[in-house]
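Colleague: My numbering numbers the first residue of the sequence shown as 103 and each following residue consecutively.
There may be inaccurate statements among the hints.
Claimed, not checked - List of simulated lysine-lysine pairs, DSSO-like, C-alpha gap at most 27 Å:
1) Lys120 <-> Lys256
2) Lys262 <-> Lys152
3) Lys239 <-> Lys356
4) Lys338 <-> Lys360
These are calculated hints, taken from the structure and not from any lab test.
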Amino acid sequence: MKNLYFIGIGLIGGSLAKDIKEHNPDVVIHGISRKDTTLEQALSLGLIDKKATLDDIQHADLVVVSIPVDATVKLLPTILDKVSDNGLVIDAGSTKQDICKAVENHPKRRNFLAAHPIAGTEHSGPGAAINGLFKGKTNIICEVEKTAFKLQEKALDIFKALGMRIRYMNPQAHDKHIAYVSHLSHISSFMLGKTVIEKERNERDIFDMAGSGFASTVRLAKSSPEMWTPIFKQNKTNVIETLEEYINNLSQFKELLKEDNFEAIFDEMKNTNHIKDILKGIS
């Protein structure tokens, strides 16, 4: 692969570009964005070699799409229209059902690989791109059987070179599971931040008392609303289900407090300590 085109040069796209370039210095990274300021910043940071437009992707060996998921749904058919018969298109969206459905009957469906590298930070934009973001991280691939075998191999070579662990899943299962382990976490963080901000209006000292526990729990509340609102919209059904279970657990905890049932509270926390064993496999 020689000519690589990145549609979206933020945290995910920019980090992928950095790592691919490090492993393959001869590739030419082209950037596509609706904002020229984004491309200028990406150029200045060395994330891309050249600016490009959608019409240029006919020359692409690889197209990486890392834009908000609602924009991906709208743009992906056009990207496949323009890519060559040998070009590979990969997305990195945090939802998969709507994205896969948008191109399920496209004549060039074989040129598309639906992927979700589960990696990131709370930061966004070209300046958030970092080296090694994907090393040791899981990359979910959906409907791999619908991608041409030779293009699958090219994608897997890239993912393995960057140190990713590969898992295969259907889009429905992906969206259901990711609602629990990612989408709910972001909602919790946003709502905790909202609660504290509202309280801080009357108690100016509250942030002076905030320690590392608060900072780590609310970290995800710094994430981009432009990216996360479409994710919640596309995965609405699964997100509501997870919220109902989460709210139920919060309500039960509140009732235990009202009842002074601290033995039950101890047991709840002790049983939940098992999460430490589960997380041992996550770096």
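Colleague: Work down the list of hints and note, for each, if the structure agrees.
Modeller: Hint-by-hint comparison with the structure:
1. Between Lys120 and Lys256 the CA atoms are separated by roughly 18 Å; this keeps the pair inside 27 Å, and the hint holds.
2. With a CA separation close to 26 Å, the supplied pair Lys262 and Lys152 stays within the 27 Å bound.
3. Note on Lys239 and Lys356: the hinted pairing is violated, with a Cα-Cα distance of about 36 Å set against a maximum of 27 Å.
4. Proposed proximity of Lys338 and Lys360 is contradicted: the alpha carbons are some 32 Å apart, above 27 Å.
Hint compliance for this structure: hints 3, 4 are broken, all remaining hints hold.
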